[in-house]
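Single-letter residue listing:
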Amino acid sequence: MKKLATFAVAGVMAAGPALADLVIPDLHYRTGPYAAGGIPFSDGYQDYFNLLNARDGGIGGETVRIVSCETAYNTERGVECYESTKGEGALVYQPLSTGITYQLIPRATADGIPLHTMGYGRTSAANGDVFSHVFNYPANYWDAASVIINQLLEENGGSLEGKTITLLYHNSAYGREPIRTLETLSEMHGFELSQLAVDHPGQEQGNQWLTIRRERPDYVVMWGWGVMNQVAVQEAINTRFPMENFIGNWWAGADHDVAQAGADAAGYRALNMNRLGDMPVFDEIRTHVHEAGLAAGDGTNVGSVLYTRGMYAAMLAAEAIRTAQEIHGVAAITPAMMRDGMEALEITNARMEELGMPMIGPEFAVSCEDHGGTGMAIMTQWNGTEWVTLTDFIAPDDSVTQPLIEEDSAQFAAENNISSQCGES
Amino acid sequence: MFYREAGDFKTSYAADNQTFPIAFDRYRYYIVLLIGLGVIPFVITDYWANAILIPFLIYAIAAIGLNILTGYCGQVSLGTGGFMAVGAFTSYKLMTAFPGLDMVTITLLSGAMTAMVGVAFGLPSLRIKGFYLAVATLAAQFFLVWLFNKVPWFYNYSASGQISAPERTLFGIAVTGPNAEAWAKYLFCFAFVFVLAWIARNLTRGSIGRQWMAIRDMDIAAEIIGVNPLKAKLTAFAVSSFYVGISGALLFTVYLGAAEVGEAYGIIKSFLVLFMIIIGGLGSIFGAFAGAAFMVILPVALRNFFAGSLGWDPALATHFEFVIVGALIMFFLIVEPHGLARLWSLAKEKLRLWPFPH
Numbered sequence: 001m002k003k004l005a006t007f008a009v010a011g012v013m014a015a016g017p018a019l020a021d022l023v024i025p026d027l028h029y030r031t032g033p034y035a036a037g038g039i040p041f042s043d044g045y046q047d048y049f050n051l052l053n054a055r056d057g058g059i060g061g062e063t064v065r066i067v068s069c070e071t072a073y074n075t076e077r078g079v080e081c082y083e084s085t086k087g088e089g090a091l092v093y094q095p096l097s098t099g100i101t102y103q104l105i106p107r108a109t110a111d112g113i114p115l116h117t118m119g120y121g122r123t124s125a126a127n128g129d130v131f132s133h134v135f136n137y138p139a140n141y142w143d144a145a146s147v148i149i150n151q152l153l154e155e156n157g158g159s160l161e162g163k164t165i166t167l168l169y170h171n172s173a174y175g176r177e178p179i180r181t182l183e184t185l186s187e188m189h190g191f192e193l194s195q196l197a198v199d200h201p202g203q204e205q206g207n208q209w210l211t212i213r214r215e216r217p218d219y220v221v222m223w224g225w226g227v228m229n230q231v232a233v234q235e236a237i238n239t240r241f242p243m244e245n246f247i248g249n250w251w252a253g254a255d256h257d258v259a260q261a262g263a264d265a266a267g268y269r270a271l272n273m274n275r276l277g278d279m280p281v282f283d284e285i286r287t288h289v290h291e292a293g294l295a296a297g298d299g300t301n302v303g304s305v306l307y308t309r310g311m312y313a314a315m316l317a318a319e320a321i322r323t324a325q326e327i328h329g330v331a332a333i334t335p336a337m338m339r340d341g342m343e344a345l346e347i348t349n350a351r352m353e354e355l356g357m358p359m360i361g362p363e364f365a366v367s368c369e370d371h372g373g374t375g376m377a378i379m380t381q382w383n384g385t386e387w388v389t390l391t392d393f394i395a396p397d398d399s400v401t402q403p404l405i406e407e408d409s410a411q412f413a414a415e416n417n418i419s420s421q422c423g424e425s
Numbered sequence: 426m427f428y429r430e431a432g433d434f435k436t437s438y439a440a441d442n443q444t445f446p447i448a449f450d451r452y453r454y455y456i457v458l459l460i461g462l463g464v465i466p467f468v469i470t471d472y473w474a475n476a477i478l479i480p481f482l483i484y485a486i487a488a489i490g491l492n493i494l495t496g497y498c499g500q501v502s503l504g505t506g507g508f509m510a511v512g513a514f515t516s517y518k519l520m521t522a523f524p525g526l527d528m529v530t531i532t533l534l535s536g537a538m539t540a541m542v543g544v545a546f547g548l549p550s551l552r553i554k555g556f557y558l559a560v561a562t563l564a565a566q567f568f569l570v571w572l573f574n575k576v577p578w579f580y581n582y583s584a585s586g587q588i589s590a591p592e593r594t595l596f597g598i599a600v601t602g603p604n605a606e607a608w609a610k611y612l613f614c615f616a617f618v619f620v621l622a623w624i625a626r627n628l629t630r631g632s633i634g635r636q637w638m639a640i641r642d643m644d645i646a647a648e649i650i651g652v653n654p655l656k657a658k659l660t661a662f663a664v665s666s667f668y669v670g671i672s673g674a675l676l677f678t679v680y681l682g683a684a685e686v687g688e689a690y691g692i693i694k695s696f697l698v699l700f701m702i703i704i705g706g707l708g709s710i711f712g713a714f715a716g717a718a719f720m721v722i723l724p725v726a727l728r729n730f731f732a733g734s735l736g737w738d739p740a741l742a743t744h745f746e747f748v749i750v751g752a753l754i755m756f757f758l759i760v761e762p763h764g765l766a767r768l769w770s771l772a773k774e775k776l777r778l779w780p781f782p783h
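Going down the list, the sequences are from chains A and B.
Per this note's numbering, the first sequence starts with residue 1, numbered consecutively.
Per this note's numbering, the second sequence starts with residue 426, numbered consecutively.
I should point out that these hints are in silico values taken from the structure, not numbers from a laboratory.
Since this is a predicted model, take the numbers as computed values, not measurements.
Mixed in with the good hints, there may be bad ones.
Stated by the list, open to error - Chain A regions said to be covered by chain B (calculated; three or more residues, Cβ under 8 Å): (1) 84-98; (2) 122-131; (3) 168-179; (4) 205-214; (5) 239-245; (6) 283-292.
Even glycine gets a Cβ: it sits at the ideal position worked out from N, Cα and C.
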């Protein structure tokens, strides 16, 4: 045991004292049943920071140092990763896991480190008046649910009266998030909602699809992640469910989810919070990062759905760092300054164009009260070989999601004695 | 040389019956306690507390609990994760319903609630044994997880089914929630481990422990010599579940702070605790600690060594960690099927014969 303890000590020592860099921890998962989604996201996230280091010498003259830690999508490991990296001056955490996010919300808030849970995590964290250090712009799960219903409304001439919609969800905090919104929407628009839970890791779905085959719902909406997506797509094909009526959220619409089924899965639709397709920034990443041997992964993921999203997340973090540097006038910012930067973040079309990723996301601005962004998303469709964009950014119904956010965050504030963070204004 | 009974004279029955009859063992035990109480709280950091020591202490409680049931009483249980969930959700409901309650009361009540649930699921053990009982407890595991998923009352109707531990105090010092200091959380868990291990050790040495072991070794013979199987088996389930419930409660309140039943208390957790007692040694309190250390500390140490000291890619380090921990488990079980506790006692035997061990 003594020897092990020395190893552990050596590990902590090797992690070293805080250097004067911009430290970005990357809590990735490149192992386990969710690795298929974790790898491209992490590649995109790290590659973009590496690009900034290689091309611009960092952000505002400060180099970015990425500290990576493997969580395997496991919450206990996530906690360990957080504790082992926070001491190095971590500026912002992006755990890419709703479960880990729930662990980190109180810890990060107490430690004064911002948390960016982009399109996942606790939806009501969009209320910055309660969640001072948590940001979930540009969109959240309740927006996603609302966007899907809005799109279906449009396709059905404005009414979903008498339609049946089945929610197929990962039986975890992640999958259960949209239920409340969908229930509210089902009362509002008169469609019938049924729920089918799929247990971790999601390979067993025979029963659920038998139910779908029997009940023949008009639409199946999926909140899936990891192997669950591939299995669901395959099961839908086997059940001969009309693929265009099968709609995934933005975590169920990556290349690897449908590539195996290939042409059979053509027609499957999924939301996306960022645009796809070739962008000038990818060429820059190829020249400055991959050809220089700095790639985070094997370099095959450039341009894939989740790679693009990881890069988008890194861009939002980098822009927040830049904003923080402008506000405080120093290059080596602290987590507290980073928080201010995230709260003052404004993303415009001109800026996205300038960064080589035109129109990658919607324009939005963050404020003290609103940490959630616009909540807009696009609908994409798998044509058998690649994802094609069907629509422009669709807006969610804020009149539905906003009261739910207020209600849930008020409950959290009451349970944890949180007073208003934004003052009276 | 100095590790032997010779020269250590006992003058009373109580002294003769003590847990550590050899002076050296006794001093070692006191030194461990002294380090645990007098040194670690002063030097502990957030990382050491939250990533290593607190999970180790909490899993040690669970392993002691399961060891009482499986190691001492011979009733195989795969429901540990489910029983831990009972402890966690009882804590959550108590913490949110009675904000003024202190954490010791909450944790003990969570244990008591789990004990009742454990007894209910232990009833089939009166009729079925071995693999069949394992299946019955497996049903408990799945039923309990399903229940806490299905009934929103348990998670106070939160949108995602997640439960989060609010800040609660003991003697005015926060022991749960994000603002709790590392030393406070550590000492809180340490106190529970110390008291529970002490009680477990003495229970298993007393008449009730002998009844459990009699049932384990041959239940028919035990019944013939006058052991009441109903009482013995159900007390084992009750005491074991009490421990497991406390460990599940602490896992949620002190360690994780937020939990989701399927992920934190799934079947994986049942297996993890079962592996701990198999590797540590069935029917040994020391084995529970050794097993918990093996399953909790070793992976973290390996990861820090590979990814930290050697600078490997974290994903590769994680893969190697699986390989090495798996290989070590096989190695230990082949070399010593009775677990680390047996290795430990063999080492002690040899020490006593030193310098001429045979």
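Hints, one by one, checked against the model:
1. 84-98: Check passed, 4 qualifying residues.
2. 122-131: Since three or more residues must qualify, the claim that chain B covers the segment 122-131 of chain A holds, with 3 doing so at under 8 Å.
3. 168-179: Holds, because 7 residues of the segment 168-179 of chain A bring their Cβ atoms closer than 8 Å to Cβ atoms of chain B.
4. 205-214: violated (count 0)
5. 239-245: violated (count 0)
6. 283-292: violated (count 0)
Hints 4, 5, 6 from the earlier list are contradicted by this structure; the remaining hints agree with it.
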